[in-house]
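Colleague: Chain by chain, the residues:
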Amino acid sequence: MDTNGMDRRQFIKASVAATAAATAGVEGILAARQAPAFAQGTALGMLRWNDFVPASDELLKKTIIPEAEKALGAKITLETVNANDIQPRVTAAVQSKSGPDMIMTLNNWPQLYEESVVDVSDVAEELGKKQGGIYEQSRAVAQSGKKWLAVPWAIVGLTIAYRKSLFEEVGYSKFPETWEQYRDAGKKLKAKGFPIGQTLGHTFGDAPAFSYPYLWSWGGKEVEKDGKKVVLSSKETLESVKFMVGFWKDAHDEGGLAWDDSNNNRAFLSGTICASLNGASIYIESLRKPDQYKTAKGAQMRTDIAHAALPKGPAGQFAFHVPFSHMVMGYSKNQKAAKELLRYLGSKEVFDRWFVSQKGFAVGPTRDWEKHALWKEDAVMLPFKDAARLGRAPGYAGPAGKKAAEVLTKYIITDMYAKAVQGMSAEDAVKWAHGEIQKIYG
Amino acid sequence: MTPRPDASARRAIRGASGSAAGLEAVLPRPGAARPALLGRLLEDERSLAYLLLTPTIVLLALFIAYPFVLGVWLSVSSATVGVAGHFVGLKNFDKAWNDSIFRTAAFNTFLYTGVTTVFKLALGIWLAVLLNRHFRGKRLIRAFVLLPFIIPTVLSTFAWKWMYDPTFSVINWGLWKLDLITTRVNWLGDPYLSLISVMIVNVWRGVPFFAISLLAGLQTISPELHEAAAIDGANAWQRFWRVTWPLLLPVTMVVVLFSVIQTFADFQLVYVLTGGGPANATHLFATYAYQIGVGTGLLSEGAAISLAMFPVLFLVVVLQLWYIRRVETR
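Chains A and B supply the protein sequences, listed in that same order.
When we follow this note's numbering, the leftmost residue of the first sequence carries the number 1, and every step to the right adds one.
When we follow this note's numbering, the leftmost residue of the second sequence carries the number 1001, and every step to the right adds one.
Listed below are the simulated DSSO-like cross-link pairs for lysine-lysine, each with C-alpha atoms no more than 30 Å apart in a straight line: (1) B/Lys1177 - A/Lys297; (2) A/Lys192 - B/Lys1161; (3) A/Lys62 - A/Lys75; (4) B/Lys1177 - A/Lys192; (5) A/Lys289 - B/Lys1161; (6) A/Lys228 - B/Lys1095; (7) A/Lys242 - A/Lys190; (8) A/Lys294 - A/Lys359; (9) B/Lys1177 - A/Lys249; (10) A/Lys188 - B/Lys1177; (11) B/Lys1161 - A/Lys249; (12) A/Lys97 - B/Lys1095; (13) A/Lys439 - B/Lys1091; (14) A/Lys242 - A/Lys187; (15) B/Lys1091 - A/Lys402; (16) A/Lys294 - B/Lys1177; (17) B/Lys1095 - A/Lys235; (18) A/Lys228 - A/Lys431; (19) A/Lys439 - B/Lys1095; (20) A/Lys312 - A/Lys249; (21) A/Lys190 - B/Lys1177; (22) A/Lys229 - B/Lys1095; (23) A/Lys294 - B/Lys1161; (24) A/Lys431 - B/Lys1091; (25) A/Lys190 - B/Lys1161; (26) B/Lys1095 - A/Lys431; (27) B/Lys1161 - A/Lys187; (28) A/Lys97 - B/Lys1091; (29) A/Lys225 - B/Lys1091; (30) B/Lys1177 - A/Lys187; (31) A/Lys402 - B/Lys1095; (32) B/Lys1091 - A/Lys229; (33) A/Lys228 - B/Lys1091; (34) B/Lys1095 - A/Lys225; (35) A/Lys297 - A/Lys164.
I should point out that these hints are in silico values taken from the structure, not numbers from a laboratory.
Whole structure, please, built from the sequences with the hints as guidance.
Modeller: Below you can see the structure in the form of structure tokens.
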């Protein structure tokens, strides 16, 4: 008998494959060499950002997703949009209870949609177990208590891209290790016409990625571990703001107050700044067009770029990278298939190809990816290898939950520094920021 | 069986005064009798009016009334993205009122609307008067004037963003070449200058709307009135102030009304140019409502911030409509 194009023998085969998939995950699928039997015509929609590395999007669309369709027996539609457009799409999808089955998120966005996503603990825990443990920052942004709201995908590491020759000229053959040294180097280089380029504007990436770890490195924090007591107003925070005022004036490009996440790339590649906190995109772009970007002396810019972690402060050295995760939406009618796809994409065999296409721009969500052979290819990218270890999530020392997300999206920490460098007294800037955070945490 | 003409058809036959065409048009055809109720409804002027109004009412209810009511409900609830929430009274408004960023956004919105409207009006009238004169290439110039209004706002705003770029600003380059500045002007980074920079873009974009609308108004003013005033000895300014301006006032009020509403609820310019920064110096009601409602997922608080615009806009509309009505019935 042949019903809906599937006879009994095929049905049994498919059932075995599905059971294998359910019990053994991707290995099961691969071992069975047969797609799991999702309902016929299962269609999955996935929404992701337009990757800063276009080759990775191409790889996904042209190779990985078609392979996943065959492996899982589902039709998969991948849509990519600008990072800034993801949140409006999530809001519209959740409110209308229709849209993509899986949505990529940045930072701690999963916390905002806790009630609208499926528990993906099984997939995330399995990923961590098999790949050497998930980084703390990825865990903090995607987990609520013990429940995983999203499956960690990758971390875009942010380090300081700097001009080796310029720092050598002012006596720093090795990148400054402390804020004092960085300020000293920046002051000397600003006098030569090469200030440090840093945004303190309302940007989702570079501005908080600088202001948060800067605060932590001085010992400042938003809230205590209980997630209730706001402790921003402290001696440490005040010191950090006071230092920033002088640091900004002495060493920074003052146009940085208006920069978005791409201004520093343009400024660096055109040779007007000496250093900037960024992903690896500056260096990757210089590799793509080696003859277009040159130093004042005519050398290819790529030969003069190096990367380093943000300097240490009195309380240590930290980073706030951009973690990415995938949520399975609660309204999805294909939640099981969606989870299976995330399991498939996150598997070592499949993720490896995507990881290689990133050339180090994004690192894996787990420690195993630090051991990848990719890191031996280009020494300039090496600082990204284990950069994620320094990562902390917004809301520290409390949880990276909804309140922390509100503080982040209101740019309160960034604006505290921005207000001070614009002329508000350090005391008033801290008082303002503490008051705003207090209102959020209640 | 041939159906008998109903009452309305008989009235129509009488009204057609024996015209063959009229009979053809109104006589019911065999086998095509419409239900008596529908026929009566269509014949009755009152019910026909309601019937014709129905599509408009449905559209207004669906796309204006429902979102508005939903917005009001959200603003008095604790709804977040994906959570329906419950009634919390005026708590969200209270929170907004005690929020320093909201106050900054409110102040900015009033300042932004007031200053830009004055400039748009002044420049619009000036441009309209110039375009109302006869000169070679008049039509071409009129078409060009509309360009800022025609280009999609996001595109033109991106162009302005590049012109204001802290490092590569073409405006700075021009001013520097003309020896007017010695250091870079931080158009979007300075807390005061950033709002002015945003205002400049708004004025640039809004002037064509004023100019073309006022030009249409100017063209309805009879030249004989100007000639009569000139014969009576009025100079150019007096002719403008005593003849043109009073006659242009009703059009001006309508244009200002539209402009105030659009400017007060402006979003795109600020979102693209500054995202509300630096340090909230350029946030407006709409951008802050978006940041809270969508960026933070607090739909109820976003709705409350958004609704804070409503009483002001409502008052503006009522005052201006009242004024226009007064002018018209004078």
